[in-house]
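Asker: One letter stands for each residue in the lines below.
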Amino acid sequence: MFKKVHVFRVKPGQELLGEIERCCSERGITSGVIIGIIGSVENARLNFLMSLPGNYEGVGYPGPLEIVGAQGSVTLKEDSPIIHIHIQLSGQGLCRGGHLAKATVFSTAEVVIGELDYQLHRQYDSYTGLNELVD
Amino acid sequence: MFKKVHVFRVKPGQELLGEIERCCSERGITSGVIIGIIGSVENARLNFLMSLPGNYEGVGYPGPLEIVGAQGSVTLKEDSPIIHIHIQLSGQGLCRGGHLAKATVFSTAEVVIGELDYQLHRQYDSYTGLNELVD
Amino acid sequence: MFKKVHVFRVKPGQELLGEIERCCSERGITSGVIIGIIGSVENARLNFLMSLPGNYEGVGYPGPLEIVGAQGSVTLKEDSPIIHIHIQLSGQGLCRGGHLAKATVFSTAEVVIGELDYQLHRQYDSYTGLNELVD
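Line by line, the protein sequences are chains A, B and C. For the first sequence, our numbering assigns the number 1 to the initial residue and increments by one for each residue that follows. For the second sequence, our numbering assigns the number 1 to the initial residue and increments by one for each residue that follows. For the third sequence, our numbering assigns the number 1 to the initial residue and increments by one for each residue that follows.
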């Protein structure tokens, strides 16, 4: 179950992924689910996986764009936290989503994280070339 | 934690946001997380933030369109409930998401709200010109 | 509330919907919420509802495409489980979402299911021609 549900705001000009990492560290969250993020970004960089193992391309998107939603997890690889987020962005003329590399918040980002009552882990997978969830 | 998870259906022809407000009021939900919404809409109106403070444009989309997902929250500003939802819509030829202003349900909307064990609040922020989440 | 939150990985080459059905059966999950899915697909088939009752079209999408997110539910219709998922896909050049008919996992799919402490049900609705959620 979710032993605690954390809801916090990331503010204008802040880097979204870095702030989420900072908040997780500050609150001691090492295992959890990114239940949602909504708001808007001034700009964002998304990664798209092109081929295996681990070959992705990064694309920058200028804003303002709405953060329509986001999902992901907080896990540990050995003792290091890994926050893995996919995010959906949209404006009137463009809609794209992918792996969140970085993003600057425009008006706000309202982040919801469900902290788990057990520890999630990742380990390197040579087939995908990525740090994959361990069941 | 989520002290209760509410799952309910909004039916054909009903206005989605208004029905969610009505259900929250009826069930006494004043603090919660919109975990998800899926279904389809006959039409929808989305808002896109263009510049600060608070300058957005509304765009109407004719359906039918799939509701691919939605995220958001139920909060109080002073004693008034505010339900803030971003929604993702898609057809075969168009995919857009944004701030849900209103939408008419086509076949169904399956709404999931996690009711929180503590109260979320909003207050007016003069920089963004919007009612922002208070941490 | 969510009595248990299940987090598991679906692996490269596996069919996503079938594997989720198998995991739910194996874990005895008959009532729950698909809180999220992220990862990537090699290909996918989405359904779009065109008219009522129950007239949809299926469209195949070649990948690789990012799984940006997914939402849905695990319910029973009489004694048979029904897993209803809407999924959002995106590449650099295309972004679409809809009802998940099937998909082959590319690198991974990280699935989060919140198991409910009460039973959700569906029944056939002659107006929509679909199995709809019973409140």
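No lab work stands behind these hints: they were computed from the structure. Fair warning: this is a prediction, and the values are worked out from it, not measured in the lab. Some hints here could point you the wrong way.
Dumping the calculated DSSO-like pairs for lysine-lysine here, alpha-carbon to alpha-carbon at most 27 Å [claimed, not checked]:
| id | chain 1 | residue 1 | chain 2 | residue 2 |
| --- | --- | --- | --- | --- |
| 1 | A | Lys-4 | C | Lys-102 |
| 2 | B | Lys-11 | B | Lys-102 |
| 3 | C | Lys-102 | C | Lys-11 |
| 4 | A | Lys-11 | B | Lys-77 |
| 5 | A | Lys-3 | C | Lys-102 |
| 6 | B | Lys-11 | C | Lys-11 |
| 7 | B | Lys-3 | C | Lys-3 |
| 8 | A | Lys-4 | B | Lys-4 |
Asker: Take the hints in turn and mark each one as holding or not.
Answerer: Against the structure, the hints come out as follows:
1. Distance hint between Lys-4/A and Lys-102/C is unfulfilled; the C-alpha atoms sit about 34 Å from each other, more than 27 Å.
2. Taken as a hint, the Lys-11/B and Lys-102/B pair is honoured in the structure, with Cα atoms around 14 Å apart against an allowance of 27 Å.
3. With a C-alpha separation of about 14 Å, the suggested pairing of Lys-102/C with Lys-11/C holds against the 27 Å cut-off.
4. Annotation: proposed proximity of Lys-11/A to Lys-77/B holds, straight-line Cα distance about 19 Å (limit 27 Å).
5. The straight-line distance between the Cα atoms of Lys-3/A and Lys-102/C is roughly 33 Å, outside the 27 Å bound, and the hint therefore fails.
6. Between Lys-11/B and Lys-11/C, the direct Cα distance comes to roughly 36 Å. Violation of the 27 Å bound is thereby established for this hinted pair.
7. Between Lys-3/B and Lys-3/C, the direct Cα distance comes to roughly 11 Å. Compliance with the 27 Å bound is thereby established for this hinted pair.
8. Pair hint Lys-4/A plus Lys-4/B holds up; C-alpha atoms about 13 Å apart against a cutoff of 27 Å.
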